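> Note that the protein sequences, when read in sequence, are chains A and B. Residue 245 in the UniProt record's numbering sits at position 245 of the first sequence, and the numbers go up by one each step. Residue 177 in the UniProt record's numbering sits at position 177 of the second sequence, and the numbers go up by one each step.
Bear in mind the hints are in silico, worked out from the structure with no lab data behind them. Just so you know, these numbers come straight off a predicted model, no measurement behind them. Hints should not be assumed to be uniformly reliable.
If several chains are the same, the list does not tell them apart, and a pair holds so long as it fits within one copy or across any two.
List of simulated lysine to aspartate or glutamate pairs, EDC-like, C-alpha gap at most 16 Å [unchecked claim]:
hint	residue 1	residue 2
1	322	39
2	322	166
3	2	210
4	2	233
5	322	123
6	129	39
7	199	76
8	129	114
Protein chains: 2
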Amino acid sequence: MKMLINVPETVVADALRGLAAAHPELTVDVENRVIVRRDAPVAGKVGLVSGGGSGHEPLHGGFVGPGMLSAACPGEVFTSPVPDQMLRAAAAVDSGAGVLFIVKNYTGDVLNFDMAAELAEDEGIQVAKVLVNDDVAVTDSLYTAGRRGTGATLFVEKIAGAAADEGMPLERVAAIARQVNENSRSFGVALSACSTPAKGSPTFDLPPGELELGIGIHGEPGRERRAMMTSGEIAEAAVEAVVEDLRPRNPVLVLVNGMGATPLLELYGFNAEVHRVLAARGVPVARVLVGNYVTSLDMAGASLTICQADEDMLRLWDAPVKTPGLRWGM
Amino acid sequence: MKMLINVPETVVADALRGLAAAHPELTVDVENRVIVRRDAPVAGKVGLVSGGGSGHEPLHGGFVGPGMLSAACPGEVFTSPVPDQMLRAAAAVDSGAGVLFIVKNYTGDVLNFDMAAELAEDEGIQVAKVLVNDDVAVTDSLYTAGRRGTGATLFVEKIAGAAADEGMPLERVAAIARQVNENSRSFGVALSACSTPAKGSPTFDLPPGELELGIGIHGEPGRERRAMMTSGEIAEAAVEAVVEDLRPRNPVLVLVNGMGATPLLELYGFNAEVHRVLAARGVPVARVLVGNYVTSLDMAGASLTICQADEDMLRLWDAPVKTPGLRWGM
Chain A
1 MKMLINVPET
11 VVADALRGLA
21 AAHPELTVDV
31 ENRVIVRRDA
41 PVAGKVGLVS
51 GGGSGHEPLH
61 GGFVGPGMLS
71 AACPGEVFTS
81 PVPDQMLRAA
91 AAVDSGAGVL
101 FIVKNYTGDV
111 LNFDMAAELA
121 EDEGIQVAKV
131 LVNDDVAVTD
141 SLYTAGRRGT
151 GATLFVEKIA
161 GAAADEGMPL
171 ERVAAIARQV
181 NENSRSFGVA
191 LSACSTPAKG
201 SPTFDLPPGE
211 LELGIGIHGE
221 PGRERRAMMT
231 SGEIAEAAVE
241 AVVEDLRPRN
251 PVLVLVNGMG
261 ATPLLELYGF
271 NAEVHRVLAA
281 RGVPVARVLV
291 GNYVTSLDMA
301 GASLTICQAD
311 EDMLRLWDAP
321 VKTPGLRWGM
Chain B
1 MKMLINVPET
11 VVADALRGLA
21 AAHPELTVDV
31 ENRVIVRRDA
41 PVAGKVGLVS
51 GGGSGHEPLH
61 GGFVGPGMLS
71 AACPGEVFTS
81 PVPDQMLRAA
91 AAVDSGAGVL
101 FIVKNYTGDV
111 LNFDMAAELA
121 EDEGIQVAKV
131 LVNDDVAVTD
141 SLYTAGRRGT
151 GATLFVEKIA
161 GAAADEGMPL
171 ERVAAIARQV
181 NENSRSFGVA
191 LSACSTPAKG
201 SPTFDLPPGE
211 LELGIGIHGE
221 PGRERRAMMT
231 SGEIAEAAVE
241 AVVEDLRPRN
251 PVLVLVNGMG
261 ATPLLELYGF
271 NAEVHRVLAA
281 RGVPVARVLV
291 GNYVTSLDMA
301 GASLTICQAD
311 EDMLRLWDAP
321 VKTPGLRWGM
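Could you put together the complete structure from these sequences and hints?
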């Protein structure tokens, strides 16, 4: 598999140099792998720190900025960052109001953020954590005990980021982040496998004419493999999976997310089918986002995330945000 | 090649339905294939209309909104829209201040926009045109007499859109659009071919271990085919191609654009190399944009566009914009 890289060993460092060149409003520590809002710490405001394996861009580094994350820690591709990165990030963003760690539910991330929280508290930084586990496809997987964290991470980071921006205290920001996660569900499909730079070839084998339903963001297995389906059939499967599990009564935020190699033309077409199926099931839609936000390198496919939102969550969703990957109102 | 679609015949209509569902701030006429700002026509302001074959999203439909295009006309995949679409768009956005057609230099687009301009003028709409032809790779191609229009289209649409928003008259908006095009150069590379829905398989054959330098946005041939290169080597080739042709003396706007299937992780790494080479050549960078903006369906690869910008152009570039694909300041 051909890649636009120098050598696999420098892929993450090269990307961080490029992020720094494109975004002078961020402080990018390439050596220590921490991306921080240039104006951090912001007096009186809770700091938000997330991170995880690289290869899911713009998640998380592309969501650092006013109204969203205070800092992000990128690991190697599909590999958890280490506690030292998280500790540095926490120290850089803590104004004394405390720090919220937003952790996707993968074993390595959970262990390392736990350790970083202990280290940070030893240094007098107050830390709360929220675990994101929105993927309804499987309960346990290669990488996870329990459900995986995927698209809901964007909703958690945006809404909790707005709550922090409003000056809410740590326990309130953490409670809102947990509320967003509890009200979110995701389901993904893969039309092709992705290739990591280190391996240089597809991480699994998906024959022509088949797709994988319930795929994870590292290409880990899903619920089942089937003969290729239409966009409408895939929308029916994805909407059924998330709606049956969540059973929303309020209007939902919708994220139609590309896995990396699916054209935007196709994602918009898929969004039309998702809306058709949601309407048929009587689920009202409050807001919609279509694009590549939580990706899996060059995987073809898409995921659907819905988040049942009350008035407060909608207000926080609509609040201004200014990051490389998500921006409105400023 | 597997695709997230229903049937090839409805790909464009499905995408328009999905765009409408995601963006209530746009008026999307699915039947007649015209996307218009909901508040058009804007009293006293010049209207901007662009369009071209689908498959390059977010170009052009994703660039409709305040501060950029007033309307866009999507054709079938890689096929020019028809004059009737352009005429409808012009009529929808003309406030009496006239309409600027922004036309990428492909034979079909040029002919159809010419015909639409005549029809519009017959209806009393004043029309000016700007031809975008920034691609330095080849002079004539399968689709073009002269140079092809690619990444500079984004710069033209953004900067001319801001000029129209400031209330400049038609001839001034057209002059600025031409100035942007004249000061822009692009060069693209493909690591893989793209597959159109109608064909269902790659549009050309690119063997493992080779890349195509100077590729067009429809996969049409470039300058040469070579053994696979590193990101740094590709940046050297791309920067040399655009800088030797433009020989900029002012700082440049930089667009590091993904062709559709290249991970953002790789695009940021490529951006780092582009900046390294520009610095070595003494070309100062004023602004940077990294992402998938002018795509070729599921092609892997990237293009580089630079635009030499004076103070006026920079001010117009920085002005607020609110579209699905490009947004800041509002």
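> Decide, hint by hint, whether the structure agrees.
Taking the hints in turn, this is what the structure says about them:
Taking CA atoms no more than 16 Å apart as the test, residue 322 paired with residue 39 passes inside one copy only; the shortest distance there is 13 Å, against 25 Å between copies. When the C-alpha separation of residue 322 and residue 166 is checked against a cutoff of 16 Å, the pair qualifies only within one copy, where the shortest distance is 15 Å, while the shortest distance between copies is 24 Å. When the C-alpha separation of residue 2 and residue 210 is checked against a cutoff of 16 Å, the pair qualifies only between copies, where the shortest distance is 8 Å, while the shortest distance within a copy is 23 Å. Taking the shortest Cα distances, residue 2 and residue 233 sit within 16 Å of each other only across copies (14 Å), while inside one copy they are farther apart (32 Å).
Taking identical chains as interchangeable, the C-alpha atoms of residue 322 and residue 123 are never at most 16 Å apart, the minima being 30 Å within one chain and 43 Å between chains. Proximity of residue 129 and residue 39 under a CA criterion of 16 Å is satisfied in neither setting, with 23 Å inside one chain copy and 44 Å between copies. Taking the shortest Cα distances, residue 199 and residue 76 sit within 16 Å of each other inside one copy (13 Å), while across copies they are farther apart (38 Å). Taking CA atoms no more than 16 Å apart as the test, residue 129 paired with residue 114 passes inside one copy only; the shortest distance there is 9 Å, against 60 Å between copies.
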